[in-house]
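Same order as they appear, the protein sequences are chains Z and V.
For the first sequence, my numbering assigns the number 1 to the initial residue and increments by one for each residue that follows.
For the second sequence, my numbering assigns the number 1 to the initial residue and increments by one for each residue that follows.
If you're looking for bench data, these hints aren't it; they were derived computationally from the structure.
These numbers were taken from a predicted model, which means no experiment stands behind them.
Accuracy of the hints is not assured; some may be wrong.
Calculated Cβ distances over 10 Å to all of chain Z for the following chain V residues [said to hold, decoys possible]: (1) LYS13; (2) GLY16; (3) THR20; (4) GLU48; (5) PHE60; (6) SER65; (7) ASN77; (8) THR80.
Derived DSS-like pairs (lysine-lysine); straight-line CA-CA distance at most 30 Å [said to hold, decoys possible]: (9) LYS71(Z) - LYS5(Z); (10) LYS71(Z) - LYS57(V); (11) LYS56(Z) - LYS13(V); (12) LYS56(Z) - LYS68(Z).
For each residue, glycine too, the CB sits at the ideal point set by N, CA and C.
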Amino acid sequence: DQQVKQNSPSLSVQEGRISILNCDYTNSMFDYFLWYKKYPAEGPTFLISISSIKDKNEDGRFTVFLNKSAKHLSLHIVPSQPGDSAVYFCAASGVAGGTSYGKLTFGQGTILTVHP
Amino acid sequence: KAGVTQTPRYLIKTRGQQVTLSCSPISGHRSVSWYQQTPGQGLQFLFEYFSETQRNKGNFPGRFSGRQFSNSRSEMNVSTLELGDSALYLCASSLPGQYTQYFGPGTRLTVL
Numbered sequence: 001d002q003q004v005k006q007n008s009p010s011l012s013v014q015e016g017r018i019s020i021l022n023c024d025y026t027n028s029m030f031d032y033f034l035w036y037k038k039y040p041a042e043g044p045t046f047l048i049s050i051s052s053i054k055d056k057n058e059d060g061r062f063t064v065f066l067n068k069s070a071k072h073l074s075l076h077i078v079p080s081q082p083g084d085s086a087v088y089f090c091a092a093s094g095v096a097g098g099t100s101y102g103k104l105t106f107g108q109g110t111i112l113t114v115h116p
Numbered sequence: 001k002a003g004v005t006q007t008p009r010y011l012i013k014t015r016g017q018q019v020t021l022s023c024s025p026i027s028g029h030r031s032v033s034w035y036q037q038t039p040g041q042g043l044q045f046l047f048e049y050f051s052e053t054q055r056n057k058g059n060f061p062g063r064f065s066g067r068q069f070s071n072s073r074s075e076m077n078v079s080t081l082e083l084g085d086s087a088l089y090l091c092a093s094s095l096p097g098q099y100t101q102y103f104g105p106g107t108r109l110t111v112l
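Build the full structure now, drawing on both the sequences and the hints.
Structure, rendered in structure tokens:
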């Protein structure tokens with residue numbers, strides 16, 4: 001049972017345009033959501049997060065939106081740059097796992113390619 | 001501040017052997033979590049340690065075990081290695097009471 005899903009395996013975007021990466025979750029007990037960026041053979045790098053009490057969080061070029069009723073979150077990157085090309089993972093945490101901290105449930109990832 | 005470090009970075013073992021991987025968290029971080037990444041299963045949670053106690057455990061067989069020391073450094077051990085254990089093993093640390101985890105570069109384990 002995959003509790004966090006990223007239904008788009010890949011996304012291709014032109015430099016300077018907006019990249020929108022999507023993520024859906026099934027467990028309503030998740031109350032904290034994170035986005036990570038990953039290059040091959042490296043560990044994930046934390047990008048941005050959002051608590052379930054908010055519906056939007058911004059950090060520079062990155063904005064995360066949360067729609068709790070739809071159990072959906074998205075990451076917007078504006079403007080996209082070639083250096084943003086990587087695999088992006090969404091992750092969820094909260095009391096769903098029995099304890100609040102220490103366990104992240106990840107989606108399968110979306111490969112973002114930004115063309116110059 | 002130094003990031004999460006993992007040793008070794010690469011490891012080759014044969015079936016039936018055992019392996020120990022090491023993780024040093026960011027200074028001040030007392031929670032250490034371990035994940036396995038494979039092409040087929042993605043990033044899966046193994047277990048989490050806090051103050052030398054296993055606080056959370058994923059759905060992995062008992063061959064996978066771990067421990068945490070008083071300085072928050074952690075080790076994970078895999079006994080009786082199987083071909084399917086070949087993966088990138090990632091360690092992450094976080095501050096007490098915080099959801100955000102910071103990952104190390106991983107240990108690439110190959111089982112032949």
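* List of violated hint numbers, smallest to largest -> Hints 4 and 11 not satisfied by this model.
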